[in-house]
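Trainee: Since the structure of chain A is provided, determine the placement of chain B on it from the hints.
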Amino acid sequence: MSELNEYSKLNHLSNETIDGEISTLNLGPTHPATHGIFQNILKVDGEKILSSEQTVGYIHRAFEKLAERRPYNQITPITDRLNYCSSPINNMGWHMTVEKLIGADVPKRVDYMRVIVMELARIADHLICNSVIGVDTGALTGFTYVFQEREKIYELYEEICGARLTTNVGRIGGFERDFSPTFHKKLKAFLKEFPKVFNEFDNLLSRNRIFMDRTIGAGPISAQRALDYSFTGPNLRAAGVDYDVRVMNPYASYEDFDFIVPVGTEGDTYDRFMVRQEEIRQSLKIIEQAYNNLPEGSYKADVPEFYLPPKEDVYNNMEALIYHFKIVMGETPIPVGEVYHSVEGGNGELGYYLISDGGRSPYRLQFRRPCFIYYQAYPEMITGQNISDAVLTLSSLNVIAGELDA
Amino acid sequence: MSSKLSNETVLSQLTAKFGSVILDSSEPHGLLTIEIQPSALIEVVKWIKTEPSLNIAFLTNIAGVHYPDVLDREFAVVYHLHSLVNNFRVRIKCFLAENNLVIESLTSIYSGANWMERETFDFYGIQFNGHPNLVRILNEDSMDYFPMRKQYHLEDETREDKDDRFFGR
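Protein sequences, first through last, are from chains A and B. Residue 280 in this note's numbering is what sits at position 261 of the first sequence, and the numbering runs on without skipping anything. Residue 346 in this note's numbering is what sits at position 95 of the second sequence, and the numbering runs on without skipping anything.
Isolated chain A (complex conformation) (with noise of 0.2 Å):
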């Protein structure tokens, strides 16, 4: 008996000193669980979590001063920077957003070529942050079968652009070239050979019980708080909330196709994993549909003052040397004006407000990144949970430090 009093002494002794000792703990800014540059500071009783501090700004590349000075076509190869996992959709985002400040008419196939490869970054996005997820829970073999997929699609990528991951792809106006071969050879494949290496990837993770039980109910946000704090993309639909851009205001052609936007319940990480599964599945829908249906034309509108002209024609042909010189010498008239553009980017709602004051540059582009919005709940989304679960939430709220700081 004596034992036993103790025993509960001492048991109540060290719950009085374990029990409310506050420590600060640095997640980041190099940290292996923050995929990219960013601190938290977080206070932490145990392994709970009381409260979040952010920094944001280390890769800050100060963009938008950068795009004040650049001529238009300069500004693509910035737009990749922001979220490097999908850089095509960036750049398109960019070339409608001036296509549509100049009223540009864009041929069929351009849209349709668009949808093919911006599908393709969505999928490679997607990919990326559902294995991390994997990897955040301890299970490393999804990662490698679907890298090996990733890698295909940057394959696509060089076939179309001879870059892989910042990819500078396409032209205001179209794109450089029409869909070699080769490309049409690799897509073939891709669309026979992933589905099945997905379905396995999906089988061990899905309805993995050890993966549910660490997923479900990790870094919540319900739908109200995530409209609050103005959440777009996969976030916002695994929130409950059926946004998205393609379907809302229709860029490119998306009316054409047959797809649905699937959104969860819960707001938590499984919610975020399982809507980004399945947009893959309606990404490889998308694609097949552009594919069979991949209208004749033209790769390019007929935009010559902003579209450079091919190199043979340069040199011998008058109109075209003109034109290849105002646009590398970025002389180019460009109406006055002032459009908002928004595609869905792997995040959510990519936006470009462009104010056009007749110069060469912008005078003013404002990126809106999904990112940089939401990232801001995520103290509220981890309060009172445990590291392990703020490890996770960070990871499927696919924070991209690129696209975070510009």
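Simulated from the structure, these hints should not be mistaken for lab results. The reader is advised that the hints may include incorrect statements.
[Unchecked claim] Label-pair restraints from in silico Cβ distances:
#1 S271/B - Y173/A: 56 to 62 Å
#2 P352/A - D275/B: 23 to 29 Å
#3 S359/B - K84/A: 27 to 33 Å
#4 F269/B - G65/A: 49 to 55 Å
#5 P48/A - S304/B: 52 to 58 Å
#6 Y164/A - N337/B: 41 to 47 Å
#7 V216/A - S304/B: 47 to 53 Å
#8 Y173/A - S359/B: 41 to 47 Å
#9 P398/A - S304/B: 34 to 40 Å
#10 T402/A - E391/B: 24 to 30 Å
[Unchecked claim] Simulated coverage check for chain A against chain B, where a stretch passes if three residues somewhere in it have a Cβ under 8 Å from a Cβ of chain B:
#11 80–89
#12 350–358
#13 365–374
#14 378–390
Using N, Cα and C, we set each Cβ at its ideal position, and we do this for glycine too.
Mentor: For chain B alone, kept in the frame of chain A given last:
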């Protein structure tokens, strides 16, 4: 999906409700743009959010703009708002004078306005009245100027080794 509201109906509703507060309106590329008195910002944003026929309850973004040559209207704060229910977008502009760069903060209406306003403050120095934590966000804390203002050039103008003035730069 087309919008259930038209620019004309929204504008007439706004004019009927606020009248002289609305200083200007236009439709660049089909997007209803209204300029309002900065002092009425909170009132207007709150009303279009709660008015059932409008339901413009989603803050898309906030952008600062600098017009150094326009006297007493040197700075603009541009808000894009979106009604997800009616699929209707509206752009609200407030112009501020350089000697009185203060506007009400939207953080009481939208939590997401927090970082957007911090970013605008960081780059343009616009003060948001009522903001809970108005400090720099992307730039270094010790920075003593607001880099997106037009008087700060991207490159050092005094450099002589990069003379390419013939090419329009």
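Trainee: Against which earlier hints does the structure fall short, listed by number upward?
Mentor: Structure breaks hint 5 only.
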